[in-house]
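A.B. asks: Got two chains here, separate frames each, mind docking them using the hints?
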Amino acid sequence: MSDAPLMKVEHIRQEFAVKDGTLRAVDDVTLTIDRGETVGLVGESGCGKSTLARTVLRLIEPTQGTIALEGRDITKVPQRELRAIRHRMQMVFQDPYGSLNPRRRIGAIVGDALDLRGVPKSEQRTQVIAALERVGLGIDHLHRWPHELSGGQRQRVGVARALAASPDLLIADEPVSALDVSVQAQLVNLLVDLQRDLGLAQLFVAHDLSVVRQVADRIAVMYLGRIVESGPTDVVFARARHPYTRALLAAVPIADPSRRGRQREAIRGELPSPIDPPPGCHFHPRCPHATDVCMTEQPALWHYADGGRAACHHPYGVSAADVAAASRDDLASPAAAGMSAPDPSTADLADAGETPAGAQA
Amino acid sequence: MAEATQPAGVPASGTPAPAATANVPDPVAAGLWRASWRAIKSSWAGRLSLLTLVLIVASSLAAPLWANHVADSGPLTNHLTDQIRLNGELTDVVSFEGIPIGPTGQKRFFLGADANGRDIMVRLLYGGRNSLQISLVATTITLLLGTLFGLIAGFFRGWVDSVISRGLDILQSTPIILLGIALGVATALGGINLGIVKIPGDSLFIPALIIGVIQTVYVARPLRGITLSLRERPFVEAARSQGATNMRIIRREILPNLGTSLLVLAPIIFAQTVSYEAALSFLGAGVQPPNPSWGTLISDGLDVLVSAPHLTIIPGAVLAAMVLSLNLLGDVVREAIDPRGMVAAAQKDEH
Numbered sequence: 046m047s048d049a050p051l052m053k054v055e056h057i058r059q060e061f062a063v064k065d066g067t068l069r070a071v072d073d074v075t076l077t078i079d080r081g082e083t084v085g086l087v088g089e090s091g092c093g094k095s096t097l098a099r100t101v102l103r104l105i106e107p108t109q110g111t112i113a114l115e116g117r118d119i120t121k122v123p124q125r126e127l128r129a130i131r132h133r134m135q136m137v138f139q140d141p142y143g144s145l146n147p148r149r150r151i152g153a154i155v156g157d158a159l160d161l162r163g164v165p166k167s168e169q170r171t172q173v174i175a176a177l178e179r180v181g182l183g184i185d186h187l188h189r190w191p192h193e194l195s196g197g198q199r200q201r202v203g204v205a206r207a208l209a210a211s212p213d214l215l216i217a218d219e220p221v222s223a224l225d226v227s228v229q230a231q232l233v234n235l236l237v238d239l240q241r242d243l244g245l246a247q248l249f250v251a252h253d254l255s256v257v258r259q260v261a262d263r264i265a266v267m268y269l270g271r272i273v274e275s276g277p278t279d280v281v282f283a284r285a286r287h288p289y290t291r292a293l294l295a296a297v298p299i300a301d302p303s304r305r306g307r308q309r310e311a312i313r314g315e316l317p318s319p320i321d322p323p324p325g326c327h328f329h330p331r332c333p334h335a336t337d338v339c340m341t342e343q344p345a346l347w348h349y350a351d352g353g354r355a356a357c358h359h360p361y362g363v364s365a366a367d368v369a370a371a372s373r374d375d376l377a378s379p380a381a382a383g384m385s386a387p388d389p390s391t392a393d394l395a396d397a398g399e400t401p402a403g404a405q406a
Numbered sequence: 008m009a010e011a012t013q014p015a016g017v018p019a020s021g022t023p024a025p026a027a028t029a030n031v032p033d034p035v036a037a038g039l040w041r042a043s044w045r046a047i048k049s050s051w052a053g054r055l056s057l058l059t060l061v062l063i064v065a066s067s068l069a070a071p072l073w074a075n076h077v078a079d080s081g082p083l084t085n086h087l088t089d090q091i092r093l094n095g096e097l098t099d100v101v102s103f104e105g106i107p108i109g110p111t112g113q114k115r116f117f118l119g120a121d122a123n124g125r126d127i128m129v130r131l132l133y134g135g136r137n138s139l140q141i142s143l144v145a146t147t148i149t150l151l152l153g154t155l156f157g158l159i160a161g162f163f164r165g166w167v168d169s170v171i172s173r174g175l176d177i178l179q180s181t182p183i184i185l186l187g188i189a190l191g192v193a194t195a196l197g198g199i200n201l202g203i204v205k206i207p208g209d210s211l212f213i214p215a216l217i218i219g220v221i222q223t224v225y226v227a228r229p230l231r232g233i234t235l236s237l238r239e240r241p242f243v244e245a246a247r248s249q250g251a252t253n254m255r256i257i258r259r260e261i262l263p264n265l266g267t268s269l270l271v272l273a274p275i276i277f278a279q280t281v282s283y284e285a286a287l288s289f290l291g292a293g294v295q296p297p298n299p300s301w302g303t304l305i306s307d308g309l310d311v312l313v314s315a316p317h318l319t320i321i322p323g324a325v326l327a328a329m330v331l332s333l334n335l336l337g338d339v340v341r342e343a344i345d346p347r348g349m350v351a352a353a354q355k356d357e358h
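Protein chains in written order, with this note's numbering: chain E, 46 to 406; chain P, 8 to 358.
Source of the hints: derived by calculation from the structure; they are not laboratory data.
Heads up, a few of these hints could be off.
Okay, the calculated bits of chain P under chain E, using three or more residues with CB under 8 Å as the criterion [said to hold, decoys possible]:
1) 143-149
2) 242-248
Label-pair ranges, simulated between beta-carbon atoms [said to hold, decoys possible]:
3) P/Ile199 - E/Lys121: 48 to 54 Å
4) E/Asp321 - P/Leu235: 28 to 34 Å
5) E/Ile184 - P/Thr181: 53 to 59 Å
6) P/Gly165 - E/Ile130: 35 to 41 Å
7) P/Pro263 - E/Asp238: 32 to 38 Å
8) E/Glu126 - P/Ala193: 47 to 53 Å
9) E/Glu126 - P/Thr181: 56 to 62 Å
10) E/Gln231 - P/Gly174: 50 to 56 Å
11) P/Ile199 - E/Ile130: 46 to 52 Å
12) P/Gly174 - E/Arg313: 52 to 58 Å
13) E/Ala369 - P/Gly165: 52 to 58 Å
14) P/Ile199 - E/Thr111: 57 to 63 Å
Virtual Cβ for every residue (Gly too), placed ideally from N, Cα, C.
So here's chain P without its partners, still in its complex pose (with noise of 0.2 Å):
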């Protein structure tokens, strides 16, 4: 049996409880929101990424608004043969050389046009609106996924462990891109058929699904190892000695611990999923065009860096700067609620 192999478990009558550990005041005692908000609140990194999330999330929802009020042009809309007043004179939306024009700072491309005539504010928002969405499904896939995965290998050990590892080494050992834009382009033509679940291949769901799956082990890694910690604990062994099952340990007394690792791991992997998602659209794998994401915006662009490099720069700077404070903040969060790096160390130490 496992158990009679376990070492760690044996000669424990006279040894010392851990007073050292119980000493250090507990920061995710007073509850992992409060101190999550506590040190986002407190410092300027906190603050300035926060703010600028805020701003990011907040614009993107507001994106209809825009373009209905505002811009009066849809994502998609072309307005390559259009032209607007400009400082009191008539200017051509793209000129004769397919020049698009620049930002405006007026209702009507603020942020200019890109080559088709598009308004490039509108498809910036809605883009933001397609990236955010596939990046936050895409996330719960990722949290979902590898918190069953690493639960189960931590809790059951043995073979059950072995072939949920070695199905991670796999997924791993693969350039995670090169795994993305394979799926991505297979699904993009024919979509996914399972049968009962159909999704066509221009569905969002279909690249948050893809960029989902491929990070799981960049969470069953780390939760994997902090579950072995964790079935070793007193408080299991005494729900053990209780009569409580496997199931009702895992639900009760695992899970409850994770929190801090899942909120750990949740920003670090949202700016990542975020990347994922722009690198996938950029080169053809993700959102498929029309549809705008910032990834298709810069690829778009890339078309005319010379004549309008704003195509690319605007785009490429907000998807810098939603990264950017996405892994500032989690700094501040992982700081806050893991001060002994816990969950660093269980990235590290995966075998």
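If we strip away everything but chain E, and leave its shape as in the complex, we get (with noise of 0.2 Å):
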């Protein structure tokens, strides 16, 4: 096996032409997944994160960047070939009621993947059901249509179809966020337990954040196209720098009246267009901390020695060591060459001495 990982996407670019003019949904976008890690990629609606994904399987072709499957380049790679290859990249869908085709039965469904493998039908059967008994269903439910399924069921039938491609790589597409919330805990349950049986990368993308640190190993924060934040869960957890971490993992509620009181960090107004971002920090025009820098500069991402990243000119809780230790991400844009460090001045009259609330947890 080679030492590259998994599955590395680098400067990622996704545009589309609309009326409008361009629609940039990913903007310059690097991201790896390791094998056997479950990557957590969060962000408002609408910020790009599920053409991420999609593009990752190259369900949609990027316009700028590379894709590459065990250091594989397979940005380029033709339709034919891509093909032959699909079963290690799996993806589960948002929608449980519109990513399963009625007119099928889910045996059928599920045993597509071992189908186009090659799979022989007298086989194919008894791995529908090892797959199906994966995912808490059984044999009973071979010859069910899918309306006959409750939503719960329904999205377990899509990580069934999933996995019965025995894929290196699950793709979740928001996979809970169509559930029930006490349903929503046993579909993250099973996620977790695949990951941990068969050592399934993952890459988990998901609004909720409280959903995404039951499974995540590595958090990435997407704002409008770009990576604002990302690190171990523990540190984006306890030491987020970006402002806009920050205000997602404050809108996270806790369960804990005593600390109903705690300050939030409400983010003003709406997420702005892709199609006209505002110029420098995506972020300035809703950020409380925005200086003259934010509306002129892209802040680079800068890697500190936790492990943690931020793309923030004004990050929380950084002195001037962490600044002069940190090291900072190449941007695809040569105007990205002579950007400024991180401000570690401004950094301490923002935080005032209030920690994260996901912290506590």
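C.D. replies: Here is the structure:
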């Protein structure tokens, strides 16, 4: 096995021609997923996380950038060849109702992956049953129709369909956001079990940080097509540096009435249009700490010593020593060459002893 | 690439699932045929129209039985100079003045005779056989061609869609009866000769082929629209993400979902076919005399409309009953399996 990460996407840019111009859904995103690792991709609706997930699978062709599976560049691989390796990367879709063909039985849906790999019909049945049992369904679901199942069961079928292909990477695009909260927990547990038992790598896309926290080893936070913060899950939850991440964390409800009075870091305004994004740091119109530099200069993604990365000119809780030890992520644009370092002095005045909400839990 | 300019699939990230449609109980889920059958059984319109259809079809199928064992006369046999015993009296089948006998209610000439002394009942039954055969073959051709073109145009979009859609425009821009007459007259004389395939001019397959082809547009248009929307559904993306080819997606994902539309369209198309067949045969461009069909029977009767109106009225009534029941049945089925009128909507917004 090579040293290369299971999946590495670099400088991915995804643009769509729309009526009013160009919509840049994903803007220079670099992301790696190692074997057996779960990466949580978090962000608001419309920030480009689903688009990124689809780009990783080449369900949408990237406008720019490279996608490498185990070090092999698959960005330009022709569709015919791509089909042959698709079984290694499987997807679980957001909508458990739409993603199962209403006119096909569960057995046929789950068996597709096997059929496509040329597994003989005689062996398909046992493997389909195995996949169904793996997700908590069974042989009696084999001949059911999708409409006979509940939302949670359908989503399990979606997972079973992905598992039947014996993938190395599972891309889950908001797999639980269409489900009831009680069912969400079951499915999240299932995905955690799968990662543990099968060593499955996952890209887990969600807008709910509390869900991501349960499954992800690492977290990447997206805002308007860019990754603004990433790092190991504990680091992001304990020491979020980007004001956007902190706002997201503050929005996670806490079941503790004694902390009800805590100060909220509410985000002002709406998500700007990705067709006409604000200059500089995309977040500056909504950021409580924005300064002049934020309006003109796009912040680089800085790598800090604890593994956390943040693209912010005024990160929280960062000392001058941290900045000195930090290294910078390359940006695709040449304009990024002369970028200024994060400013540790302004960070302290913003952070008046308050820790991000998530750090308490 | 076509995908890149398709904004529909772009900001799909956080948008809620179409839960509204998912919560509506899907009548189709219970099975198309079962749902249709239940609806037909439970409404008087459905029961009546189905009964009428079964009667017409069964009696048409039984035409040789009636001809050989009851009427003792073939559909083309003349009895111009024969006499039959009516109320104990010998009566001319066709009177000296050329007026044919009216309905007798007896085994022979049950519904009377035509101007050539042929048994109307026998001809009506055989005519029904011809009309139904033609309509069945024509409807099958229409559904097959319509599905093929609609599916290909809707699935591949782009220039393929443009070529097919403009072709359908041309077909539709021609008055359908006029086109049918033109093709019918041309082929009735020489038949169809394609080298390997030779069809004689008096073959029933010719009107069936003509009607089948000219109606394609009525199926292709709605199916194109439905395919266009089906191909954007998440389960198609799921199949693609698993490495399914276009052919496999068409066969396994799209085609099974066209069942509703086809079942809604089939009775309407069949009814339309029956009336087109009658129209073309009436105008001499369909079934060629002396072969009977509902259309030719009406046409034959027209010559003696005043003296023997039953010659026109009887086949006309059967034709009307057939078309009416098919339309009624079609309505019942449509309401049962397509309550939201998606097929009708796809028929309307064609572009």
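A.B. asks: Could you run down the list of hints and mark each one as holding or not?
C.D. replies: Each hint tested on the structure:
Counting residues of the stretch 143-149 of chain P whose CB lies closer than 8 Å to any CB of chain E gives 0, so the stated coverage by that chain is violated, three being the minimum. Here the stretch 242-248 of chain P counts 6 residues with a CB under 8 Å from a CB of chain E, which clears the bar of 3, and the coverage holds. Checked against the given bound of 48 to 54 Å, the beta carbons of P/Ile199 and E/Lys121, roughly 50 Å apart, stay inside it. Restraint check, E/Asp321 to P/Leu235: a C-beta distance of roughly 30 Å satisfies the suggested window 28 to 34 Å.
For E/Ile184 paired with P/Thr181, a C-beta distance near 57 Å keeps the hint of 53 to 59 Å intact. Between P/Gly165 and E/Ile130 the beta carbons are some 27 Å apart, a value that contradicts the proposed interval 35 to 41 Å. Checked against the hint of 32 to 38 Å, the C-beta distance between P/Pro263 and E/Asp238 comes to roughly 33 Å, which is consistent with it. The beta-carbon spacing between E/Glu126 and P/Ala193, approximately 51 Å, falls within the hinted interval of 47 to 53 Å.
The given range of 56 to 62 Å is broken by E/Glu126 and P/Thr181, whose C-beta atoms sit roughly 47 Å from each other. Between E/Gln231 and P/Gly174, the C-beta spacing of about 53 Å keeps the proposed range 50 to 56 Å intact. Distance hint for P/Ile199 and E/Ile130: a CB-CB separation of about 50 Å, consistent with the stated range 46 to 52 Å. One distance hint, 52 to 58 Å for the beta-carbon pair P/Gly174 and E/Arg313, holds here, with the actual separation near 56 Å.
About 56 Å separates the C-beta atoms of E/Ala369 and P/Gly165, a value consistent with the hinted range of 52 to 58 Å. The supplied range of 57 to 63 Å is met by P/Ile199 and E/Thr111, whose beta-carbon atoms lie about 58 Å from each other.
This entry does not satisfy hints 1, 6, 9, going by the numbered hints stated previously.
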